[in-house]
Amino acid sequence: MKRVRGMVLWVATFLLMVVMCVPGLWVILSAFRPNREILAKPPVWVPETLTLDNFGKIFGWGAEQIAIPVGSYFLNSMVIALTSTVIALGIGMAGGYAFARFRFRGKNSVFLGLMLLRTVPGIALSLPVFMLWSRLGIIDTKLGLIIVYVSLNVPFTIWLIDGFFRQIPLSLSEAAQVDGCTRWQAFWKIEFPLAKSGIASAGVFAFLTSWNEFALASQLTRSTDSKTLPVGLLDFTAQFTIDWAGMCAMAVIIIVPALILTFLVQKHLIAGLTFGGVKG
Amino acid sequence: MAEITLTGVEKRYGALRVVHGIDLTIAQGEFVVLVGPSGCGKSTTLRMIAGLEDISGGQVRIGGRVVNDLPPRKRNISMVFQNYALYPHMNVRDNLGFGLKIAGQTPDMIAKRVDEAAQILGLADLLDRTPAELSGGQRQRVAMGRAIVRHPDAFLFDEPLSNLDAKLRGQMRAEIKKLHQQVKTTVVYVTHDQVEAMTLADRIVVMRDGQIEQVGTPMQVFNHPANIFVATFIGSPPMNLLPGTISGGAVRLADGSAVPVPPRLTGRAAEGQAVTLGIRADDISPVGHGLSQDGPGAELDLSVVLAEPLGMESLIYTRVAGQEVQAKLYGPRLVNPGDRLTFRLALDRAHLFDAASGRSLEAI
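Taken in sequence, the protein lines are chains U and Z. Note that our numbering has the first sequence beginning at 1, numbered continuously upward. Note that our numbering has the second sequence beginning at 1, numbered continuously upward.
These are computed hints drawn from the structure, not numbers from a lab. Do not rely on the hints blindly, as some may be mistaken.
Calculated cross-link-like contacts (lysine-lysine; reagent style BS3-like; alpha-carbon spacing at most 30 Å) [unchecked claim]:
(1) Z/K101 - Z/K74
(2) U/K189 - U/K57
(3) U/K189 - U/K107
(4) Z/K177 - Z/K74
(5) Z/K74 - Z/K167
(6) Z/K167 - Z/K177
(7) U/K189 - Z/K112
(8) Z/K167 - U/K189
(9) U/K57 - U/K41
(10) Z/K74 - U/K196
(11) Z/K101 - Z/K112
(12) U/K189 - Z/K74
(13) U/K196 - U/K107
(14) U/K196 - Z/K101
(15) Z/K167 - Z/K101
(16) Z/K328 - Z/K167
(17) Z/K101 - U/K267
(18) Z/K101 - Z/K177
Label pairs and their in silico Cβ distance ranges [unchecked claim]:
(19) Z/V195 - U/N108: 56 to 62 Å
(20) U/Q185 - Z/E116: 22 to 28 Å
(21) U/G71 - Z/E133: 30 to 36 Å
(22) Z/A27 - U/Q266: 55 to 61 Å
Here chain Z is said to cover these stretches of chain U; the calculated rule only asks that three of the stretch's residues, wherever they fall, bring their Cβ under 8 Å from a Cβ of chain Z [claimed, not checked]:
(23) 122 to 129
(24) 168 to 177
For glycine and all other residues, C-beta sits at the position ideal for the given N, C-alpha and C.
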């Protein structure tokens, strides 16, 4: 009976994973297949020819080329995602620490307010933001997107980092201060290293949010000055055709850095906090 | 090593006063224990000495220097926390040497001091472990080691043993005592456990509601409690209290029986004054099973309500003048509930308190 239950669970899990993974797998496979195989009817499930031509087209080393400035998009995406992540982490650490450690008037209301901000769908803000940005003259600039992404990410980073600082007993910082540290030293030598994994996960989430964001970026960007990779995907749609192969190749280019980053920080994400210095 | 002086030290949170103007001088090298029930302000007082809590009023001096506005790091004290507060991401060696490293000592110096402390506390084999790999007692020892490596002016202990099991607690208590005898540094130790206070202290400071109730050596506090609170807080089981009135050099209890007490106790009491007679369980025993048989005493026939054998002695619950009273029976003997025995009250060791104020009427 137990075995049957186990089997059923396995099958159910497998089916669920198929539903979740197949689209992603299809995108990756399609990135390495010629367009005619992708569009074939009936569909060709198992790829017959694998090729790097799609990437060649994008990067301009093949016979066939598409005029899409992937390099600029990639650079824009990197600059915008990294900058907004660094800023959001800085604010998140300061804010999270303050919420976890200090008592101040209106603390709970401010915190609740930050959390409520998270519930506003980004797209609902697109029109007001667009009007405001156009008045300010920061439409189609990296700065414009950075500001948007920082404000999207800050409530989340504060919330996550606050939770990690809360887990660190106050007495550790106090012990460090008695041991000769200033409050600042106590933070960097004791509390920061212990909250590192939390800060790292907040960073990964913030980076991925900015990296993948499409809706707002598609409104606020125009040209190679600020267009990011997800917006760049649209370049593959023409009036009558969609270049699925090219689009998939570019999707792979978007996925790879995110994957690499996640793997790099994975150790921290899993490591968690190794407590034991205090009873509990 | 240094003297610590508290003058009118207060702690207020808004309108709420948690420490009401404490005056206390702790001599150089002295082991002083602040004891009291939770919420009595003992930890807050300690944290004000450490600099972890702002001082709302009064003055704290360490070694003659007013430290009110100095941050903890400039007070040259070290502290052992209730939860040990070891740095989880450092091994024992780095935990011990952290303070010295911050102070900018040379690696040679740090290594020498760390080894010295490890030697004293038997931590030499554990230096490369992280706190997570240590047992409770070992963590406790590392926390103490971290306190001694810096050769501070004073050690502050904040309920350091309350997270240990009973057996280990006894063991660590002895180690703390030994450590103090070895390094002879001024110690301020906070606990709610009166046994710890009695066994460790040179002087005990009994606190309640942010005020000092009594300061004295353990024996002074035990033998001459200044008021009913101290009398019931120090000593286990708590002192028995019997309400009565003074009548002709004796205490007349609620049921009309008169207990003649020595003049030493009634010296400051007026005829007809409402009083509370205090007597410890150790001083009420069945005849022939007590600690002392001579000196003034009174004999009462009482029936046993409950007997708890403890091995060398039994704790007996009985009733005097309608009041539950605990007595002790020394020397093994089987006692059953309902047994009627003659108990002897060793009245030379009794205490008399003013019923209204709770203050001792004893003429010292």
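Status of each hint after checking the structure:
1. Z/K101 - Z/K74: Given that 30 Å is the threshold and the Cα spacing comes to 15 Å, the pair holds.
2. U/K189 - U/K57: 50 Å, violated
3. U/K189 - U/K107: The hint holds at about 26 Å.
4. Z/K177 - Z/K74: Between Z/K177 and Z/K74 the Cα gap is close to 27 Å, so the pair holds against 30 Å.
5. Z/K74 - Z/K167: Judged against 30 Å, a Cα distance of about 37 Å means the pair is violated.
6. Z/K167 - Z/K177: Answer holds: Z/K167 to Z/K177 is near 16 Å, not above 30 Å.
7. U/K189 - Z/K112: Cα-Cα ~23 Å, so holds.
8. Z/K167 - U/K189: It is violated: about 35 Å lies between the C-alpha atoms, which goes past 30 Å.
9. U/K57 - U/K41: 24 Å, holds
10. Z/K74 - U/K196: 29 Å, holds
11. Z/K101 - Z/K112: Holds, at roughly 13 Å.
12. U/K189 - Z/K74: Holds. U/K189 to Z/K74 sits at ~18 Å (cutoff 30 Å).
13. U/K196 - U/K107: Holds, at roughly 24 Å.
14. U/K196 - Z/K101: With Cα atoms ~22 Å apart, U/K196 and Z/K101 stay inside 30 Å; holds.
15. Z/K167 - Z/K101: With Cα atoms ~35 Å apart, Z/K167 and Z/K101 exceed 30 Å; violated.
16. Z/K328 - Z/K167: 24 Å, holds
17. Z/K101 - U/K267: 29 Å, holds
18. Z/K101 - Z/K177: Satisfied, since the Cα-Cα distance of roughly 28 Å is no more than 30 Å.
19. Z/V195 - U/N108: 56 to 62 Å: 42 Å, violated
20. U/Q185 - Z/E116: 22 to 28 Å: 25 Å, holds
21. U/G71 - Z/E133: 30 to 36 Å: With a Cβ separation near 51 Å, U/G71 and Z/E133 fall outside 30 to 36 Å, so the hint is violated.
22. Z/A27 - U/Q266: 55 to 61 Å: 57 Å, holds
23. 122 to 129: violated (count 0)
24. 168 to 177: Coverage by chain Z holds for the stretch 168 to 177 of chain U (7 residues, Cβ < 8 Å).
Figure legend: structure checked against the earlier numbered hints; hints not met, in rising order: 2, 5, 8, 15, 19, 21, 23.
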